[in-house]
Structures are given as structure tokens and as C-alpha cells.
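> So the chains spell out like this:
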Amino acid sequence: MSDKPKLAMYWASSCGGCEISVLNIGDKILIVDSVFDLAFFPCIADFKVADVRGYPDGYIDVCLFNGAIRNSENEEMAHLLRQKSKVLVAYGSCAYEGCIPALSNLTTAEATFKAVYHDNPSIDNPDGVRPQLVSQVPEGELTLPKFYNTVKSLDQVVPVDYYLPGCPPEPPQIWAVLEAVVAALTEGAELPPAGSVVGIGTVAVCDECPLEKNVKTIERFYRPYEITPEPGICLLEQGLVCMGPATVSGCGALCPQVAMGCRGCYGPLPGVDDQGAKMLSAIASVVAVGEPGEEEAELERKIAEAMETLVDPAGTFYRFSMAHSLLRRTKANGGSVQQTSS
Amino acid sequence: MSEQFEPVIVGFLCNWCSYRAADLAGTARIKYAPNMRPIRVMCTARIEPQFVLKALREGADGVLIAGCHPGECHYVEGNIKALRRHTLLKQMLRQFGVEEERVQIVWASASEGRMLAEAVDRMTEQVRALGPLRWKQTVLSGNGSVELAAAGHQEEVTLPEAEEV
Amino acid sequence: MSEKVGVYVCHCGTNIAGKVAVEEVAEWAGKQPNVEIARDYKFMCSSLGQELIEEDIKDKGLTRVVVAACSPHMHEKTFRTACQRAGLNPFLFEMANIREHDSWTTDDNDAATHKAKALVRGAIDRVVHHQPLEPLPVEINSNTLIVGGGIAGISAALELADAGYHVYMVEREPSIGGHMAQLDKTFPTLDCSACILTPKMVDVGQHDNITLLSYSEVEEVDGYLGNFTVTVRKKARYVNEELCTGCGICVEKCPKKVVDNVFEAGVGMRKVIYTPFPQAVPKYPVIDTENCTYFIRGKCKACQIFCPTDAIDFEQEDEMVKFQVGNVILATGYQLFDVSRIPRYGYGRLANVFTSLEFERLVNASGPTSGKVVLRDMETAPKSVAIVHCVGSRDQNYHEYCSKVCCMYSLKFAHLIHERLPDAQVYNFYIDVRTPGKGYEEFYHRLLDEDTNFIRGRVAEITDVPRTPEEEGKLIVQAEDTLLMLQRRIPVDMVILSPAMEAYSDSREVSQLFKMGCDFEGFFIERHPKLDPVATMTEGIFIAGACQGPKDIPDSVAQGAAAAARVASLIARGTVMMEPVRASIDEDKCCGCRLCNELCPYNAIEFHEDRKVSEVITALCQGCGACVATCPSEAITGAHFTKQQVMSEIEGILWDMITEPVAAPEPVEA
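Protein chains in written order, with our numbering: chain Z, 1 to 342; chain W, 343 to 507; chain Y, 508 to 1177.
Pulled out of the complex, with its shape left as it was, chain Z reads as follows (with noise of 0.2 Å):
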């Protein structure tokens, strides 16, 4: 191995779009490659983690660590890789919120398995049979990773050095963060203090969409098919549900510009503790449901009418920040585990 600085990227539980979304940096991917040699990189390269376990502590300067921790592997990997790299980035919205997987914590393991390998009707499996943890072949013993009731962000596992959130993380922002490191590297530039979350702007998504926004009143909430919203304007105030004002900047507002509500993906804004709560105070204050002076029941009446237009809050608020919300999971054996269909 040459003394190039060595670069990592795992994936833990995640869909392999943080990968891809590195290469979407373009050329500058060449550059990339001329700082640094690959240490450890499952979705490119063929490196074993016994490899991984070989290197001295601290061998990888920086890892780049996506995806959420689901079982037992991701939590080991996570552990192994925080020993061997000097710089850990949790790199996308999986590593620091829980992003989709963690959207899991609003059921059970147990009920995940129920649905997986018996309740489901492409399923034969008459014998009831299920992934053991350990169980014996003919080559041995083998063991699979447990599978956890709860998916954790990165940071819940191991100390993380810095955060770059996005589902995936948008080039600009990527390259913006690849450069400072390689500044650093090269150069021996500063980079930012440790826990910091780089790669965003410093306000919430509003700031860069290009919508026109006015006084929010709203009365109901409508599903992206239930309404063609008027072009132009916000679609907050017209009753789609868009993240934007509780999400930070960074990714150029790239959804609202094509009438889709933001989903919340670059997390929320600094300081903040729990962004689905954030979201669910903003949109609940500015429903124009119910006036002084009406009666308390026809106001409560109204009022829920016109909440329950908004399917699926949980999902909702905290679809990309379940694993650093504040309850962070349904109770275990919660009454409405059910509930969380689409």
C-alpha cells in the first residue's frame, strides 16, 4: 500500500444510493482518486473485513459510513470502523437519523418477522420456518446477525466525528465536504469542530425554494394525488404537506421546484432536538380550524376533522428522523403497532 491518505465507505443498512450518489460528483471523482487510495469500500472493491481488522487503529483517515444500524453486523462494522478510522463521517440521512430504515422502530421485530415469513400471501412456508441465529450446516456452524427491535442513527452506537445528511446528500454538497477533507489533508486547512454537521446551508429549505409564500392559513391537508397544485405558489399554504420550513437547507430545495413537498431528508435545522415535533407544532398552529367563542365540542369536532386529513403523521414528520426523535420508537407492545401502513 502507497502512503496515500486511505478512504472508506461502508454500508450498513441502506440502499446503496450513498454510493452511487459519490460517483454523482462527476469528474471530480478523479480527483477523488488521485488523493486517495481505497481502504475498505464492499459496493467497488473486493476488500474482506478481515483486511479491515488487520489495519492499525486509526488507518483509514476518513470513513464514510451510510446506512442505518438494523442488526448485530451493522453494529460491529460501526464499532471496527470507528477503531480503524481517524475521521468517521456518518454519511447520509441513514447514519445520522435512521432515515427510511428507522421508520421500522413503529413496529416490532417480532411483527417484521410475522409479516416477512408467515403473513404475507406470496408466502408458502407451511413449516413455519425462520432465519436462526444459529444453526448448523454441513460446512459447520453458522451464525447470522441479530436482528434488532430498534434501528439506531450511527451516532447512537459509536462517537461520530461528523455528519452529512441528505437522502443521498446532493453533489454540490458532497464535493464541498471531499474538498475541505482534502484541503486538510493536503494542505493542513482546518476542519470544522468534531460533531458538526457540514454540508448544508444555514436556514431551512425555504430560503432557497423559489415558491411564493404568504401568510399560512390552511385548512386541510391533501395527498399528492388528491390535488393539482397551482404552480408558483407554496404548496404548504395549498394543503400538501412539505417539510421544507422545518428542514435545513443545502440541496437547492430540488423537490418543491417540481411540486413535490420536501420530505425532510437534510434533517432539521441546528439545534434543533427532534424535527418531527417541530413539524407537527408548525403545520397543527396554522390550520384555520375553529374560532373563539364556538362551542367547545363543535370546535373539538372540527378541529380533529380537519387533522385527520393529515394520514400518517408519524411517518410524516419523522420519516427520515425516527432514530433521533425524541420517543424514538412505538412502545413495544403498543396498541397500535398496526397502524403503520401507509
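Hint data in this document are derived by calculation from the structure and do not stem from the laboratory.
Errors might be hidden in some of the hints.
[What the hints assert, rightly or not] Below, a sample of chain W positions facing chain Y; criterion: calculated Cβ distance under 10 Å:
{"no.": "1", "residue": "T369"}
{"no.": "2", "residue": "P376"}
{"no.": "3", "residue": "M378"}
{"no.": "4", "residue": "V383"}
{"no.": "5", "residue": "P391"}
{"no.": "6", "residue": "Q392"}
{"no.": "7", "residue": "G420"}
{"no.": "8", "residue": "V462"}
{"no.": "9", "residue": "R464"}
Just so it is clear, CB atoms sit at the ideal spot from N, CA and C, and this is done for glycine as well.
Position chains W and Y against the provided structure of chain Z, taking the given hints into account.
What follows is chains W and Y alone, placed relative to chain Z:
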């Protein structure tokens, strides 16, 4: 101290109506369940879902939001904003398995000390019947990993030490 | 961060110490994070108790203070001032209410002590995050706006004007005087209402310090205590006030008469160009364009033809007047309950069922019948009259409250009928006879001596369907006489209904205009029902008279004067310090989403189109926190109720729930 489960309820009381109602209940020496621990805000409009979720997470078995009757809010319609947020929050909490009785909103004007006391008593019994919530200990502990055994196994949840966040 | 918190646990004699183990709580508090010293003391609010705090601040360099005692509504101010005396910003102080909310509410000593610890720890964890705050100085403009020219408004206006301060009085009707001008005699003295009122009206009209804007309405109010900008619409009278001498020839010559539904309550007529009553102030007439022949068909113009000073101006338009005031007194009065909402009382269907105001006009010497008590045919005198108390009052179906004045004026009516028609039988149907004022009970006795028939029972029905020959051609009042325990049917010629006193139907719009509140019934909400009946929760806005709740003339006058005194006190001070518990927006964090703009009940959040950010106008903000809770970027901070403070209080109050020490993450500095 009795052996039975004593719920801990965090109460958010608005300065102008419900806090004064609670004061009045005390002045009138009305005895009611000591399970509600009040926090003062100027108006229920200040209460955001984050506060409710934080209380639940930090160990409260229930959260009570008490404000002025609709139409009597010192700040015109702050309590209605609170009601809107509460309605949506309730809907969402169902998805988290948090029962409706655990997070309640009541109206009490400054002269309704007895009514507030009764509401606290009522909610205490409702939450007592539901049992402890103790989110950190029961829901967030460990990684909640599941041992996989043979088909038809019973689920085993291992609970190592309490979660550090 | 590390602060030095001083914790003081009060015994309050045995009020707290009797239930809460105060020494134990103090000792425990001393071990909590950030606590420098913790003491318990018998009476913290005493001068010795306060000195304890002051000395500790100086000697131990305390940076925060917590007092666990009674309600902050009792002594927050006391202790804040003590801190200030010792050089500590008064907002670096927090109270834990372990008396009203703890020791007084339970007999379980263990539970009380346990709860006290939670409340104390909540206060400690919160106070650590308090910031020093400074109140805002605000200058008070010495002008005052008084809305409503009835007796309460007049009373307030004269007090202020005589004190040397300028008053703008806005009255919706063409003349001031309000309902009192419609009355004949006032109870219990039987003073002639107009005689005692009109001199005051003239004073108002002539006073150097009063600008009277009659036939006008307030359209817009901007600003805050000490600095209100008011926009008033002066409706067009079609009479040029500069030229009109009040001679009255136009009224005389006007050929058209219409029913006067306002001043004469529908029992009398007026001309189309009219002054509401002879002693009207101001004296300028007004044209009722809905009925005026000129405005309908372009013909007539008699008033213009005959006016000696050419003061009639058909082209006149509404005028908008804008001015600055420092304070506002709302004295908008009342309206009467619409008795046709109770169909079984027959108002509108049965000709000789009258409302109290209609009867006032009949019995008034300058009314349509010159004071003769007659039936609807304007001729026949009744031989028997029934007066029904509590129409719409004390009634779960309409208004639960008692309207306070109706018993007295119902007795007054009985007396006047006896006076004018000595042979007539008078029946008062009552639930209770409420006569609490000076001379009121004596007045009641007088009526008893005058052989008035009192029947204790709520009237079930007033009908003209006879059951016996004696009932033919009469109005029959059916009621259960609860003292005799009999159903009774009393045939009478005339029925007078005493309707509830209601808030004006548009009181809610008015309250919104002035950014204060109405209660369920529409009456304006006072700051405190016992101790502050003329102030509202909105700084600079005061209320007086029946708009605050049903009341009689002496109470209206008293409230008018009280409101004036409050205003005068503010004006005399010149500068007032406003509470700093308000919201502010960090422009750098604001993304311009505009979620907050419509939320503020005081319209205190402005959106800047150029910079695409919102801003809170500090002086307008009343500190409710609605915007703070809404902003999803946490760009809005609510001083003294910040997220950090409340979250810490939550953690502290649940101190016993976290069984193992949890390392709190370093807060990401916002």
C-alpha cells in the same frame, strides 16, 4: 408510601387561568392527587409537542395541558392553537403506542379550582389503570434485540443496561 | 456552564412545614448540581427572609436564586425586588410553588415532600438557563380615546378633561347620552334621567379638552400602550357642522316621518332629517339616507331649501380622521336581549307586550305619548299591567347571569304606573327581588306599600287565548305562584318584559379591534374580576360600564371615573416600564416561511418583503409564546420561556425518573 403504582404526570398550566385555578384549589384547601407536577407557561400556546414528548421520554406516565376555556384566553386564541397541536399530536402518539388518556388537554378558568382538582384526580386514576410508561426504562432500554429461536418461538427481548443518549 | 444557585425553602409557618419536610428538602437541594447554598426559613417573604437572600447574593456571589414557597402570583415580585436590591438581575430568579400547588393540596406528607423536591429541582434546572432581562421603557402619549358616549364614557371623559388631559370621544350614534338619555326616571331616587344627564352632556360638548367625534366609529387601531394610532370614520351627516346653528328648521320642514327604532325604541316617530332627541349633543341633525326622498328619488330637498345658513350638503362623504393616543377606555354599553327569542311571551305577535325600553319611552314626558301610559293604540290606558322579571336572564337557555338592574327598574315601572294610573292593578312576576344598592331595599318596601302584587314565579306563557269569559280580550299571563303553590292565570291589558342586559352584538369585533378579549357572553374581560375590574389584559386598554357586565348607573359612573384615574396615573408617570417577557426573531435563522405571521393575536409579527424575513415588533408582543412554539427553525426565542429553560425544567421535575445518571449530550449551540 403505598405499594400501588403512583403515576407521575407533568402538568403544563397557563399563567392566567389554569395556574391560578390550581392556586385557588390550594387556597381553598381542596385535597387532590399529588401526582401532577406543574410547570408554568404564560399561555398554552407556548406548549409545543416537543415538551410533551420530552416529558414522556424523561419518565412521565402522563402529560396534562390545562388552559383557559376557548373564548376566554388572555391572548385571544392561544388555547385554540394548543388544541390544534394537541389534536394532531394525539393522532401521532397513537402510532407510537401512547394511549390517548396519557396526554390530555383540559380547560379551567381561574375560578375553577375544584374542577381542575377533579380533572387531576380523574387523570391520575386513568393513568394508574394504564400502568407505568417509563419510556427510557421500558421502551428505549438496550437495543431491544430479539433472540431468534425455532419456529413458533416466543420472543425474547434482551435488556442490557439503560440507553445512553 | 456553572452557576451558583441559592435555594431557599420557606416554612410559611406551618402552611408548608406542616406537610413538607422543609429541612429535608433544603438539605437535599444543597446537594443538587449548581447549588451553592440551600437554606430553610420560617417566612421567606419577611424582611429577614429577604435579607437572607440579599446577603447570600453579596457574600457568596450567587448568580441565581430559587425560592420554594407560595405561588409566584403572591411573591414573585417581592423576591425579584430583593434580588435587584442586592445587585442581581430580577429575572435570574425562579419560584417553586410548594404551598398552593403542594402542601395545601394533600394530606400525604411523604407525597408532599417528594413533590416539593421535584418542583424545587425543576426550578433549579430552569433558573440555571435564565438570562438577565431589562424592562422596556415606553412613553405615554397624554391623549386618550374614549369609545362610547354613554354615562360611563361621559364620566371618564370629564374626569380626564378636567385633569387637563385631552380626550377624543367617539360615539356611534348622532348624539352622546347612550341609553340613559332614553330613560324617564332613575331608581331609587326617581331623578329625571335627562335632568341629571344633560348638564354632563353639555359639559362634554363644550369642554376645551374634549374632541367629540359623534356619528363616528373606530375603524383601525395600531400600536401599543402609550402609542396608539387610531383611525376613525366620521360618517356623513350631510350637514355641514361649521355652518349648522342647530335651529331645527330643517327637521320641522321635513315632510317625511318614519318609525324611530333606535331612540324611541319603535314606539315613536321621527323625521328623516333628525336629531335623536331635543337635548342632543352635538345639536347637528343627520339625514337617514335609507328613507330620504332625495336620496331615493332625487326629489324634495326641503331641508336644504329652508336652511338659513345653507348647511345641508348632499354631497358630503365619510371622513377618515387619524390621531395618536396613549390609552383607550372602552365604554360601549349594552343592548337588550331580543325578547322575540322567547316566542311564548308573544312579543311582536301580541300588540300589547312591551319591552322595558319601549315602556321607558311611553312613560317619558318627552316621549311619543308625553308620558301617558297607554296601549299600542296610543290611546287606551290599561287597567292592569303585568311586569315580567328575568326575561332571558337567570335562564340556562339564554343567559345564566342575573342582569342586576331589572328588578329595580321593574319596581320603578310599577311605581310609575301607580302614579299615572292610580286605579290600575300592577303585577310583578319575579324569581327573587334583588335590591342590593343604597336605598334599593327601601324602594322595594315603598312598592309593597303601594299595593303592588308580587307573584313569585317564572312566567310560562303570555297568551290572548281565553279560557274563561273574564279572560276575553285580555292578555293572560300564566305562571306558577311558588309561594302559594298554584298555577295562576292573570288577565291583564298590558305586559312589560324586563329583558336581560347583553353585550353589544358586535362586541367581539370591537374587542378584536383593540386586541383584548370577550368572555362567552360577549362582555369585555377585565384583568381581575375582584381587584382590577376596569383594566384589561391588554396594556393601555381599559373598560368601563355595562360593556364589562350588567350594572346600574352609579356603578357605571364609578367605573368610568376609575378607568380615568388609571389612565391619568399612567399619563402622570410619563414613561412606563413594560415586562420584557416577549418574543424576538433571529433574522439569520429566519427562512421567510411566514408560518408565524398570521398567528399573532396582536399582529406583532411583520414580514419584510425586501429581506424575506419576519420580525417581532417588541412593544406589541404580549409574550404568549405561540410563535415561539410554532417556528420549526427555532428562529424565534421567547424571553424567559426559552426552549432550553422549559426543557430543563421538565428534566428537573422528573429528576427521580432517571434511574441512572444519563450523560447529557453537549447542547448544539443554536
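> Compare the structure with each hint and give your call.
Taking the hints in turn, this is what the structure says about them:
1. T369: holds, 6 Å
2. P376: holds, 4 Å
3. M378: holds, 9 Å
4. V383: holds, 6 Å
5. P391: holds, 9 Å
6. Q392: Result: holds, 7 Å to nearest chain Y Cβ.
7. G420: holds, 5 Å
8. V462: The hint holds - W/V462 has a Cβ within 10 Å of chain Y, the shortest such distance being about 9 Å.
9. R464: At about 15 Å, which exceeds the 10 Å cut-off, the nearest Cβ of chain Y leaves the hint on W/R464 violated.
Hint compliance for this structure: hint 9 alone is broken.
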